[in-house]
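Below, each chain spelled out in residue letters.
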Amino acid sequence: MKNCKILFVALIGSILLNACSSDVVEQPKYVPLGSYDSGVIVVNEGTAFHNDASLSYISFDLNTLQNDIFSVVNHPKVLGDTAQSIGFYNQYAYVVLNISNTIEVVNRYTMASVATIATGLNNPRYIVFSNGKGYVTNWGDGTVASDDYVAVIDPTTNVITANIPVAEGPEKIIENAGTLYVAHSGGYNFGNTISVINTANNSVSSILVGDVPNSMQINEGSLWISCGGKPYYATPETAGKLVQINLVNNQLVKAFDFNVATAHPANLSIGDSKLFYTINSDVYSMPTDATTLPTLPKFTVQIPTLYGFAIKNNHIYTSGYTNFDQNGTVNIYSLGTLGNSPIGTLQKTYTVGVGPSGFYFNQ
Amino acid sequence: MTAKKLFLFGMFLLCQVIFAQQDTIVNLKEVIISDTQLKNFSGTQSVLVLTDSVIKKNQPSLTNLLSYNSLIYFKENGLGMVSSPSFRGTTAQQTAVIWNGININSQLNGQTDFNTITTRDFDNITVRAGGGSSIYGSSALGGTVHLNSELRFANQFQNEWQLNYGSFETFGAHYKTMISNGTWSTQISVTHNSSKNDYKYLDTQKHNENGQFENTSLNASLGYRFSKNHYLKYYSQIFDSDRHFSGTIGAVSKSKYRDYNYRNLVEWDWLIGKVTSKLKVAFLGEKYAYFENAHTHNFETSKTETALAKQDFVYQLTPSMLVNTIFEYTQTKGIGSQIGTNTRHIGAATILLKQSVFKSFSYEISGRKEVTSSYASPFLFSFGTKHPLGSHYTLVTNFSRNFRMPTFNDLYWVGLGNPNLKPESSYQGEIGQQLKFKNIAISGTVYYQKIEDLIQWKPNNSGNWSPSNIAKATTYGAEVLCNWNKKIRNHGFDFNANYGYTVSKDDFSNKQLVYVPFHKFNSSLAYSFHKITLNYQYLFTGYVFTSSDNTHVLEEYQVSNLGINYDFGKATTYKLGFQVANLWNKNYQSVSQRPMPGRNFNLYLIFNF
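Residue numbers (our numbering), protein chains in the order written: chain A, 2 to 364; chain B, 230 to 838.
The following block holds chain A by itself, in its conformation from the complex (with noise of 0.2 Å):
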């Protein structure tokens, strides 16, 4: 009886409680540190459905780390779900949304929040600008392979002008002299070509490859392609291909078959003159006129699921996680140009946001 007094009463008080209360303001936890350039701002994507996509800032000389930068400068706008990719132009940076399908413009050095692109875009993935405009990659339906598209954005009024339709899943895309190179990952599926847009028209070729070209780079006249081939979960599953083309007449140069099918190269990038790629965690390089693949990784990266990988100045940053829903880990090895410690030394390790995934340099 006493006990259910006791309850009766608590009762009583939460009602009265909840009449009463009123919302405490929150304060940003950060000051901003007013200017974001000469450092790298991470691309947190966050967990699908979750909202929590961020922006993280790490100085060029790796001793100021800011997480949450969006938001510290915003508040208390949030960024979004899903944050895929970020394209630069002029001042401002471009966050392409993939969930929210949005586009989040902000002053590149400032953070503050300018724009947002809510219309036109379906499942977008990468930005990349030309000659004035945005072309953004974007995989309609991902169930639906006939609905894809590269929209073009007026940066001037942050409006979508044009759609330019192409092949199904184009996810990276790169820009050499008004020339706009999409890889085809395939989106649900899997894609194994590149589509070639000229920018003058729109008009829409294609340069067959090898499975799911998932990264390119351009290199002293060429453009060099990883394609993963198909994954572990694919029948069958099929080794990757490293692919050169030549940027003058779109042929191929030259490929370079891995020879397991569980081979699955990714994240292509270029420093200290060299081609690097990762298989898993392992980070391997082969000088560009090399005629075979190496058959050893440099060194392997401490982080259980590598999922960001980029190479700035002496520094190599590697960016994962222990579990997809929490807090990810940043790495930075030295490259071990001359005169710097060797490749693959530890330089220093961050905690950023849920699921780091692109390195994106602030000059």
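Source of the hints: derived by calculation from the structure; they are not laboratory data.
Just so you know, not all the hints are guaranteed correct.
Stated by the list, open to error - With a straight-line cut-off of 35 Å between C-alpha atoms, the simulated DSBU-like cross-links for lysine-lysine are:
#1 Lys78(A) / Lys425(B)
#2 Lys588(B) / Lys687(B)
#3 Lys687(B) / Lys299(A)
#4 Lys78(A) / Lys429(B)
#5 Lys435(B) / Lys78(A)
To be verified - Quick look at which bits of chain A chain B covers, simulated, 3 or more residues with Cβ under 8 Å:
#6 99-110
#7 134-147
#8 233-247
#9 325-338
As the list claims (entries may be wrong) - DEER-style ranges, computed between Cβ atoms:
#10 Val495(B) / Ala119(A): 54 to 60 Å
#11 Lys588(B) / Thr323(A): 42 to 48 Å
#12 Val32(A) / Lys701(B): 16 to 22 Å
#13 Gly35(A) / Ser738(B): 33 to 39 Å
#14 Gly340(A) / Gln434(B): 54 to 60 Å
#15 Ser147(A) / Thr445(B): 23 to 29 Å
#16 Asp38(A) / Thr445(B): 55 to 61 Å
#17 Thr703(B) / Thr350(A): 58 to 64 Å
#18 Ser114(A) / Thr802(B): 57 to 63 Å
#19 Leu624(B) / Val32(A): 55 to 61 Å
#20 His574(B) / Ser147(A): 29 to 35 Å
Virtual Cβ for every residue (Gly too), placed ideally from N, Cα, C.
Using the hints provided, position chain B relative to the given structure of chain A.
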């Protein structure tokens, strides 16, 4: 007399049988339920019965009923969307839903979506806390939720209409007819619910886009009595639902989901002397279709079909000793765009024994062994004791081993599934104390459970997603259930309060599992005076972690509902009711980034004739 009737009818969350020693779920002799183990072998565990009158007064989803009336915690992806339970800190697949004695958790994903069960279809819904695998098989780790249909063999012809209309164009209609005599018993009901569900997200300019849903269910129970000792029974249910999946604050969704479930059970009961034989044959099916874009015709679909045969013998060896054996065989075929075509066969033998040794000591033992080619199944058992000490106090203990089998998705998902999975298994112990006086009942239970071989989907170092038996968890906690009711002349009072403290830790990281609140409290107060009934419900859900490193938190919330109803009827019931949900207009989320509605209203009419 009328006052008493009203009092009984009107009390909001009344009639909760908190006490496990109340073996008789229904005390009317002619009322029969199919789930006899629930009646006979739940004496050493905590059992909460929600009767028809409680069901009627709550919203028609099982999520809503149990959120406010039990200690099961739910995460709901927005109102009416996918709803997953966590019972005693366990995962969504570790609560079994039992329809008329048959386990109906999805064979595809292992759990029941509690927003795909319409409560109005059932005569009573019982929550049995703690291990139940040795009786009900897979998934009974946290506890079991029993959906029971009753058959009456007495002369009656009764009809019932219930109509409701509320905010967000929410509409519900329920019709039930019961026709029976000494030989035949028929109960048929149809329920339809629909809602535009476009509520505003409080403190934003946004609203719940693409959240509309509708569902229809048909329920039938038929019984034929050849003689006092010889029955044939048939239970059937069809549930058909079309739900758009609402998005989050950050992303509007355009997807939708269709569910279709059917359940059929034929039962032939024969009593010969001290032996009761029950032969049961059941056919169950589930099918879903997921549309990434509701405006197109592209969808992904899977279905399973299950056939089950069960022979159940009960021997009343002596007046104080009952033995029950069950032999069963289940075949499930799964077909889907992502799971291929696979068939699973499971044979199971169960023995249960109950004995009252002294007046102050009785025990229950059960053991079950399943045999299947799909996975290695552990020996399941339960041992419980009950010590009534004096007329007001009872001490119960229970120790059990339970399991959860891998699902079709876990085993067969194209390219990702792992055919070598073991079942999840656990040991669980609990001690309960129950105090009962004339108007007040309090029970308290402490429990401890070790769960091994938890199946988790995770990427490996190549980013490849796959399920494996990698995790172990320890859950422990305490539950207090309290009921007080009192009638003073024409004033009726009924008060319920439940509190649960739950710790659920990953053994490797020592972190609390995501979406398990440490604290959950709910309470309700009903007051009736003549033909008016007032009721107030309150729910407190403590903060939860939304990331496994416990760095991301979803805040606690408190929600209250207020209801009032008036009975215009004299000989028949003709009741008009009005409910205000989320009375204080709290902005809260059950799942991160998926706001729940603010204050909303519901008007209902119940008509019995």
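Hints and how they fare:
1. Note on Lys78(A) and Lys425(B): the hinted pairing holds, with a Cα-Cα distance of about 28 Å set against a maximum of 35 Å.
2. At roughly 53 Å between alpha-carbon atoms, Lys588(B) and Lys687(B) are farther apart than 35 Å, so this suggested pair is violated.
3. In summary, the hint linking Lys687(B) to Lys299(A) is supported, as the alpha carbons are separated by about 27 Å, within the 35 Å threshold.
4. With a C-alpha separation of about 18 Å, the suggested pair Lys78(A) and Lys429(B) falls inside the 35 Å cut-off, and the hint holds.
5. The hinted pair formed by Lys435(B) and Lys78(A) meets the criterion: a straight-line CA distance of about 14 Å does not exceed 35 Å.
6. Given a C-beta distance limit of less than 8 Å, the hint that chain B covers the segment 99-110 of chain A holds, as 3 residues qualify and 3 suffice.
7. Residue count for the segment 134-147 of chain A with a Cβ under 8 Å from a Cβ of chain B: 4. That meets the three needed, and the coverage hint holds.
8. Counting residues of the segment 233-247 of chain A whose CB falls under 8 Å from any CB of chain B gives 4; the rule of at least 3 is met.
9. Here's how the segment 325-338 of chain A fares: 4 of its residues keep a CB closer than 8 Å to some CB of chain B, so the rule of at least three is met and the hint holds.
10. Hint check: Val495(B) to Ala119(A), Cβ distance near 56 Å, so the stated range 54 to 60 Å holds.
11. In this structure the supplied range 42 to 48 Å is violated for Lys588(B) paired with Thr323(A), their Cβ-Cβ distance being about 57 Å.
12. A hinted range of 16 to 22 Å for the beta carbons of Val32(A) and Lys701(B) is inconsistent with their spacing of about 42 Å.
13. With their beta carbons about 37 Å apart, Gly35(A) and Ser738(B) fall inside the hinted range of 33 to 39 Å.
14. Between Gly340(A) and Gln434(B) the beta carbon distance is about 56 Å. The supplied range of 54 to 60 Å therefore holds.
15. The given range of 23 to 29 Å is broken by Ser147(A) and Thr445(B), whose C-beta atoms sit roughly 35 Å from each other.
16. Judged by the Cβ atoms, the range 55 to 61 Å given for Asp38(A) and Thr445(B) holds: they are separated by roughly 60 Å.
17. Range check, Thr703(B) to Thr350(A): about 30 Å between beta-carbon atoms, so the 58 to 64 Å window is missed.
18. Taking the beta carbon of each, Ser114(A) and Thr802(B) are about 58 Å apart, inside 57 to 63 Å as hinted.
19. Against the hinted window of 55 to 61 Å, the Cβ-Cβ separation of Leu624(B) and Val32(A) comes to about 59 Å, which satisfies the hint.
20. Look at His574(B) against Ser147(A): about 42 Å separates their beta carbons, and that is not inside 29 to 35 Å.
Violated hints, listed in ascending order, are 2, 11, 12, 15, 17, 20; each of the other numbered hints is respected by the structure.
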